[in-house]
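Student: Residues per chain, in single letters:
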Amino acid sequence: MNSSLHLWLIPLLPFAGFLINGVLGRRLPKSLVSMVALLAPLASFAVVLNAAKSMTAGLALPHVETFGQWINAGTLHIDFSFALDQLSLIMLLVVTGVGFLIHIYSVGYMHDDEGYARYFSYLNLFLFFMTVLVLAGNALLMFVGWEGVGLASYLLIGFWYQKTTAAGAGKKAFILNRIGDFGFLIGMFLLLANFGTLTFSEIAAKLAANPGWSGGILTALALCLLLGATGKSAQLPLYIWLPDAMEGPTPVSALIHAATMVTAGVYMIARTHPLYDRSPFALSIVAIVGAATAIFAATIALVQTDIKRVLAYSTISQLGYMFLGCGVAAYSAAIFHLMTHAFFKALLFLAAGAVIHGMGGEQDLRKMGGLRKHLPITFWSVTAAVIAIAGIYPFAGFFSKDAILYAAFLQSGSGKVLWFVGLVTALLTSFYMFRLWYLTFMGTSRNPEVHPHESPWSMLGPLVILALLSVGGGWIGIEKFSAYLSPAVGSLSLESSTPHLEIILSALAVTVALLGWLIADRFYRANPETPTKLAASVPAGYNLLANKYWIDEIYGVLIVKPLMALSKFVLEWIVDIAILGGIAWLLGGIAIFTGAILQRWQSGNLRSYAAWLAAGVAALLLLVVVPVLLGSHGIDIKRMGW
Amino acid sequence: MIPLNWYLLLSATLFSLGVVGFLIKRNLITVFMSIELMLNGVNLSFVTFAHQWHLVKGQIFVFFVMVVAAAEAAVGLAIIIAVFRARSTLAVDRIDLMKL
Amino acid sequence: MLRGLSLIGGTFSPASTRTTVSHAIGLVAGVNDGTMHLILFIVFAGFCLAGAINLLLQTHPINSALSLVVVMSSLAVLYLLLGAEFLAAAQIIVYAGAIMVLFTFVVMLLNASREERTMGSGVARILGFPAVAVVLGVIATVILRAQGMGSATLSDPITSTEDLSRVLFRELLLPFEVTSVLILIAILGAVALARPGNADPARADRAIAERTGK
Numbered sequence: 001m002n003s004s005l006h007l008w009l010i011p012l013l014p015f016a017g018f019l020i021n022g023v024l025g026r027r028l029p030k031s032l033v034s035m036v037a038l039l040a041p042l043a044s045f046a047v048v049l050n051a052a053k054s055m056t057a058g059l060a061l062p063h064v065e066t067f068g069q070w071i072n073a074g075t076l077h078i079d080f081s082f083a084l085d086q087l088s089l090i091m092l093l094v095v096t097g098v099g100f101l102i103h104i105y106s107v108g109y110m111h112d113d114e115g116y117a118r119y120f121s122y123l124n125l126f127l128f129f130m131t132v133l134v135l136a137g138n139a140l141l142m143f144v145g146w147e148g149v150g151l152a153s154y155l156l157i158g159f160w161y162q163k164t165t166a167a168g169a170g171k172k173a174f175i176l177n178r179i180g181d182f183g184f185l186i187g188m189f190l191l192l193a194n195f196g197t198l199t200f201s202e203i204a205a206k207l208a209a210n211p212g213w214s215g216g217i218l219t220a221l222a223l224c225l226l227l228g229a230t231g232k233s234a235q236l237p238l239y240i241w242l243p244d245a246m247e248g249p250t251p252v253s254a255l256i257h258a259a260t261m262v263t264a265g266v267y268m269i270a271r272t273h274p275l276y277d278r279s280p281f282a283l284s285i286v287a288i289v290g291a292a293t294a295i296f297a298a299t300i301a302l303v304q305t306d307i308k309r310v311l312a313y314s315t316i317s318q319l320g321y322m323f324l325g326c327g328v329a330a331y332s333a334a335i336f337h338l339m340t341h342a343f344f345k346a347l348l349f350l351a352a353g354a355v356i357h358g359m360g361g362e363q364d365l366r367k368m369g370g371l372r373k374h375l376p377i378t379f380w381s382v383t384a385a386v387i388a389i390a391g392i393y394p395f396a397g398f399f400s401k402d403a404i405l406y407a408a409f410l411q412s413g414s415g416k417v418l419w420f421v422g423l424v425t426a427l428l429t430s431f432y433m434f435r436l437w438y439l440t441f442m443g444t445s446r447n448p449e450v451h452p453h454e455s456p457w458s459m460l461g462p463l464v465i466l467a468l469l470s471v472g473g474g475w476i477g478i479e480k481f482s483a484y485l486s487p488a489v490g491s492l493s494l495e496s497s498t499p500h501l502e503i504i505l506s507a508l509a510v511t512v513a514l515l516g517w518l519i520a521d522r523f524y525r526a527n528p529e530t531p532t533k534l535a536a537s538v539p540a541g542y543n544l545l546a547n548k549y550w551i552d553e554i555y556g557v558l559i560v561k562p563l564m565a566l567s568k569f570v571l572e573w574i575v576d577i578a579i580l581g582g583i584a585w586l587l588g589g590i591a592i593f594t595g596a597i598l599q600r601w602q603s604g605n606l607r608s609y610a611a612w613l614a615a616g617v618a619a620l621l622l623l624v625v626v627p628v629l630l631g632s633h634g635i636d637i638k639r640m641g642w
Numbered sequence: 001m002i003p004l005n006w007y008l009l010l011s012a013t014l015f016s017l018g019v020v021g022f023l024i025k026r027n028l029i030t031v032f033m034s035i036e037l038m039l040n041g042v043n044l045s046f047v048t049f050a051h052q053w054h055l056v057k058g059q060i061f062v063f064f065v066m067v068v069a070a071a072e073a074a075v076g077l078a079i080i081i082a083v084f085r086a087r088s089t090l091a092v093d094r095i096d097l098m099k100l
Numbered sequence: 001m002l003r004g005l006s007l008i009g010g011t012f013s014p015a016s017t018r019t020t021v022s023h024a025i026g027l028v029a030g031v032n033d034g035t036m037h038l039i040l041f042i043v044f045a046g047f048c049l050a051g052a053i054n055l056l057l058q059t060h061p062i063n064s065a066l067s068l069v070v071v072m073s074s075l076a077v078l079y080l081l082l083g084a085e086f087l088a089a090a091q092i093i094v095y096a097g098a099i100m101v102l103f104t105f106v107v108m109l110l111n112a113s114r115e116e117r118t119m120g121s122g123v124a125r126i127l128g129f130p131a132v133a134v135v136l137g138v139i140a141t142v143i144l145r146a147q148g149m150g151s152a153t154l155s156d157p158i159t160s161t162e163d164l165s166r167v168l169f170r171e172l173l174l175p176f177e178v179t180s181v182l183i184l185i186a187i188l189g190a191v192a193l194a195r196p197g198n199a200d201p202a203r204a205d206r207a208i209a210e211r212t213g214k
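Residue numbers (this note's numbering), protein chains in the order written: chain A, 1 to 642; chain B, 1 to 100; chain C, 1 to 214.
Be a bit skeptical, because a hint or two may be false.
[Claimed, not checked] Chain C is faced by these chain A residues, among others (derived, beta-carbon under 7 Å):
#	residue
1	Thr444
2	Arg607
3	Ala614
4	Ala615
5	Val617
6	Ala618
7	Val625
8	Pro627
Simulated from the structure, these hints should not be mistaken for laboratory data.
Treat the numbers as computed from the prediction; the structure is a model and nothing was measured.
Just so it is clear, CB atoms sit at the ideal spot from N, CA and C, and this is done for glycine as well.
Using the sequences and the accompanying hints, generate a full structural model.
Tutor: Encoded structure:
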């Protein structure tokens, strides 16, 4: 039973939406544009559901559909092939499902924007590339999707391109993505050199056939791919684009920079997990990068005043968790967290959008407050999300975060350190999320002139659905989840000597989360002056955090400025002035010089003209007569090469 | 019994003298006269060869050369008159408006 | 008509005229035909060269014109020695009689005077003279080495006008007609160019001013 599931429809429908809205959108009425834009992800979601149904009915996995050859050069064969297995199904459900909800939300949010059709065409384009990325059966096709989502991200971040900050943010995102993609490319080359193929299944088969192959070149490969993942998933050191990406419309932040695109790195690591499994060193690097990023970003989020920035750093931190999960080879846990995170983070971003929309464009936390009376539905949805992200039982985040921390704890070697870092990060996460909650919704309004209003149902509907998912999304439990995913990502035996270790660790995590809530309560409800007093007492520390550790500035000084100076030097001095200027000067000089010489011929003097004529005649005569004369003497000039 | 080479030699000499005159004379009319001298030298050589090969066509060519020379003289002198009217001088070196 | 003309020409028989005249002169001078031919050639070739050199040496254009007339007339005699009687007559009538008169008229019209010393052209001196010398040398070498050139004698047959006209009006009729058109065009051109008001000194001065940027 291997009937075609028409997987090609999944990317193609959004692509059709992109074309229609992109080409004709300006001339179509808004309702038609919305219909086309909503139909695409909905139809894709339907196809994915159909595929899920087939899979539960016992489809042979992985299910591969090929659409023809792409490259056939010598020993290199790459096809357009889509591969469906449990991992890609989960991702597709998240991408198309959450994507569809965000499309609905965008209909309300972007309603008054004049780039309405352009927005939806870009959004559909993003869906196209993301589904290609997820479904790809080989690394090159995945790279196509990889680059494509980067492009869509650039287009959407810089959607309001008249704003220089937005355009600059789009550029920054794209460039940093490219730096990561360099790693991906090198990884692909290494894959080709060592495996002769880029198809994931063939790579896995080759690795399975060589059980003793580990370390060495595989480590290098894994690290190169990791570089690509850090670029796309905003980990250290390539994360700086994600906070700036908040310049884009909020639904974009929700879809791309919370739920789907930034998770592509995690997905890629899970997809190539056979490789990582063979290199413990690379895995430890992944875990360290993840943990470090998690705590680093969490500390920055503590003092941010822009509501979207808090969420951006929170995203970076949660992605760190997912990397940590991958780094301890708990891929299922990482994907589980990916899924739950998609629910509550998208919800948070959409709610932030609703708040901003209701406040008439205000994004500063210090100017909000008391919104729970004005935006009740938004308030309750956000509450669900905040509790979920804090990891409090029985909301979604608890199950996934816990699974990662448990796996980290059990990791031999540095596992306990990683666990501890994760625990501290959970404390910080809880604190800053509740801080956001208090500052936005609780207390009294600090901005009396603004009269916030609740958003329309097109925006609230998705909020409610996502809230429900944030509550119940984790109830499937990690055991069932990893059992489901294990054919795709392998399984990790999580047995430990200490009994009930898992329960103890979970209780510890929940306690820490509640502690964070308590502290936030103290700071922002009971004694509202406490944060300012604390900040005043450690001004250096506060400044360090508020300025994001000056990482942007450091990068600017260390990397950007020298690079721009070098390129300016090379391009302006060497290429422009020396080479091109030199060539122009040379050509001009030759022309002038030759002209000056030839000019003397045109003297207007009759006699010199006559003289030249006579000289010409003499030369001709010599040319003709001399060989003949010499020939008559027996000297044959022609044979001597005249 | 004059060897025809002598006629040809004379013709070549007349031609060369015409070229020299073209080069050294400073009056426009005299330059033009040197051109006529050149033509005459060539005519002589044509007649010589016509005699050599008993071809009448050689002499007819001289006839045509004369006709063309006449036409050329007429037009050339008209031009010289026009140039004189414009520049008020007949010195060859002063008439150099066509320089770059 | 051609036949009639040839009949008239035939009664005079220029061949016999020529030989008769030179024979007579030779009898008076006491030399035979061959030497007569040589003397005639040398004398009139000398006149040619003298006239040509004089043309170069004279400073006043009218003197140059008159020298050129001498050259033309000597050339006519040389044509006659080569048996081209019609051409000799045409040379005198057209060249010496019409063209040179035209030259003289123009000299008088423009009141041309002695040549002035002007800047001269270095190129002409440096490049021109050697070039001419080369040309002359090459041609002379070729001529002197040429074998198979015959010689001219007084008893050579003279080309009759009938022969000339037979070729001219039969095979070369088209070029003949074309040359008449050419002369017509030349007349028109000369009339158009020499009209008063055609060469405007003011226009020329303006052109010079533009060119030199003053």
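Student: All the hints need checking, so say for each whether the structure fits it.
Tutor: Tested hints:
Here the hint on Thr444(A) is broken, as its CB sits about 84 Å from the closest CB of chain C, past 7 Å. The interface hint given for Arg607(A) is met, as the beta carbon of that residue sits about 4 Å from the closest beta carbon of chain C, less than 7 Å. Annotation: interface hint on Ala614(A) holds; nearest CB of chain C at approximately 4 Å, less than 7 Å. A distance limit of 7 Å between C-beta atoms decides the matter here; for Ala615(A) the minimum to chain C is near 4 Å, and the interface restraint holds.
Because the smallest distance between the Cβ of Val617(A) and any Cβ of chain C comes to about 6 Å, under 7 Å, the interface hint for this residue holds. Because the beta carbon of Ala618(A) sits about 4 Å from the nearest beta carbon in chain C, less than 7 Å, this interface hint is met. Interface restraint check: Val625(A) against chain C, minimum CB-CB distance 5 Å, threshold 7 Å, status holds. For Pro627(A), the shortest C-beta to C-beta distance to chain C is roughly 12 Å, which exceeds 7 Å, and the interface hint is violated.
Checked against the numbered hints above, the structure breaks hints 1 and 8 and satisfies the rest.
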